[in-house]
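Trainee: So you can see what is in the structure, the chains are spelled out below.
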Amino acid sequence: MIDFITLCDYIGTFAFAISGIRLASAKQFDWFGAYVIGFVTAVGGGTIRDLMLNATPFWMLQTSYLWVTAFALLFVIVFRNYVIRMNNTIFIFDAIGLGLFVVVGVGKSLEFGFPMWVAICMGTITGSAGGMMRDVFINEEPLVFRKDIYALACVVGGIVYWFCLLADLSTTFTQLFAATSVILVRILAVKYHISLPVLKEDSE
Amino acid sequence: MIDFITLCDYIGTFAFAISGIRLASAKQFDWFGAYVIGFVTAVGGGTIRDLMLNATPFWMLQTSYLWVTAFALLFVIVFRNYVIRMNNTIFIFDAIGLGLFVVVGVGKSLEFGFPMWVAICMGTITGSAGGMMRDVFINEEPLVFRKDIYALACVVGGIVYWFCLLADLSTTFTQLFAATSVILVRILAVKYHISLPVLKEDSE
Amino acid sequence: MIDFITLCDYIGTFAFAISGIRLASAKQFDWFGAYVIGFVTAVGGGTIRDLMLNATPFWMLQTSYLWVTAFALLFVIVFRNYVIRMNNTIFIFDAIGLGLFVVVGVGKSLEFGFPMWVAICMGTITGSAGGMMRDVFINEEPLVFRKDIYALACVVGGIVYWFCLLADLSTTFTQLFAATSVILVRILAVKYHISLPVLKEDSE
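Protein sequence lines correspond, in order, to chains A, B and C. For the first sequence, our numbering begins at 1 and goes up steadily by one. For the second sequence, our numbering begins at 1001 and goes up steadily by one. For the third sequence, our numbering begins at 2001 and goes up steadily by one.
Bound-form chain A, shown alone:
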């Protein structure tokens, strides 16, 4: 039986892949292209993190991420007329995945001996770089920096992780609180349309 963390990991991978597959389809990518974009969205952030930590990219160590992405593609193909009505469910999956990805990114960086501030950066990269790569490949401006607080939710999660460590909480509670904070920030930001202000320059 797979444990809870693994389950969340697959749920997150599934939701991230679906977001990539749907945006790629909207841009007339073929099935294989949609699959690749879905895969990049799901594993891109962790890959960048692993390259910076000088580790072998995590998805090269087990086939499951390729399979989950294949399942996501199948899901979009089969339920193409219903996917749009599942937006709320997919959003929750995406938030769960984001929370877990941040926690995994922070934890792995600490394991590799980096200080907390690097771990927070790596957590943020794990959570949001996949979405940035997706938007770059489908030739759109990155949504992660314009839509309801996304990348910043990763930073918040990293800081909660830090505080939990400072408070000497167990690893389990630290991970739980950090992931939950990411999920909460995302849900609140979307529900109440909270966005960061945009920087305007007097261009006159």
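Keep in mind that the hints were calculated from the coordinates and are not lab data.
Some chain C residues near chain B, calculated using beta-carbon distances under 8 angstroms:
id, residue
1, Leu2051
2, Met2052
3, Phe2114
4, Val2136
5, Glu2140
6, Pro2142
7, Arg2146
8, Leu2152
9, Leu2199
Derived lysine-lysine pairs resembling DSS-like cross-links, with alpha carbons at most 25 angstroms apart:
id, chain 1, residue 1, chain 2, residue 2
10, C, Lys2027, A, Lys200
11, A, Lys27, C, Lys2027
12, C, Lys2027, B, Lys1027
13, A, Lys27, B, Lys1200
14, B, Lys1027, A, Lys27
15, C, Lys2200, B, Lys1027
Quick list of simulated restraints, FRET-style, between CB atoms:
id, chain 1, residue 1, chain 2, residue 2, range
16, B, Ser1064, C, Leu2007, 36 to 42 angstroms
17, A, Ile194, B, Val1198, 33 to 39 angstroms
18, C, Thr2063, B, Ile1159, 45 to 51 angstroms
19, C, Leu2169, A, Ser64, 52 to 58 angstroms
20, C, Ile2090, B, Ile1159, 52 to 58 angstroms
21, A, Thr172, C, Val2190, 54 to 60 angstroms
22, B, Val1190, C, Lys2200, 24 to 30 angstroms
23, A, Tyr82, B, Leu1169, 43 to 49 angstroms
24, B, Ile1159, A, Asn81, 30 to 36 angstroms
25, C, His2193, B, Leu1188, 48 to 54 angstroms
The model shown is predicted, which means the values in this text are computed figures rather than measured ones. For each residue, glycine too, the CB sits at the ideal point set by N, CA and C.
Keeping the supplied structure of chain A fixed, place chains B and C upon it in accordance with the hints.
Mentor: Just chains B and C now, kept in the frame of chain A:
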């Protein structure tokens, strides 16, 4: 004298570089920019592969790739009015390069001790990531996922490589069959306008 | 007290970050997004270099680059109505940074045992890849290859570095001459609107 593999490698680099240089020129890049885009198109896939395998990027070990790209730039400058009529020849060169790049990518990954499925992924990345980077830099949506089967041809080549290994063929025949299958898939796809279906979502 | 090299490094990081922050703001990125783009512009080139050299990305070893970028963001926010009038000052800062980045990139590659031609490539990547990443993320065609000689100035700096080494100059003078040559090329190119020719293909 250079051997057959090296010759195919240079032919492929040349063809890939030309595709980058031409698309960059169409976007009003200057000579140096066209050179860089040509170089990225030719060596980008192998570079991503080497970073993931934790190897030194292959082009940093010998100057030949810089020279072949310089030769491709010179070629486009000198024959600028004839290049368009050479499209068929360049296409064949490009297909030969793709076949070789896939074989090299698969082989190197196996040498580094990765399992076959990772090697197939790396062969596909070696063959198609350069083209994706080219399209990202010139700000176009990646062609490799929308034009006649391109990235998928790399996967096919990787699978043929696998079957040849399972059938205990010698390395030479394995490489030959795998490369030929990539080239054949590309030629057939272009000749008969075979494309993968596009995924459409009911956006209503 | 910080030394002269460190001061130039911070000045360059500051100027590069400002260019990223301003372009991101023009694209309606929120504050956090503008910060990230500023950071990527400033450290992106060195990060790519370090990944290729198989070194830990330099900004993961000290917090200063995050702080300088934060200061750049604050600067743009506070002086938003005046920044446009400071364009000349920012241009000089940017040129100083470019000169230093190239010198640092060349020096680090030589330290890692690579030959001079690789070091020149790495110096060029250090100086110009951050700007390319910035343009990719904000979904514009890379300016570094279309505006007054930018990436080529890095190559010139690398070649001057090489000649200085051949002439047995001390490290200090080598660095000084190489950085100065980059700065001079940039200032002359902008002042006299010198650009490389654009490659045109007869598309008829």
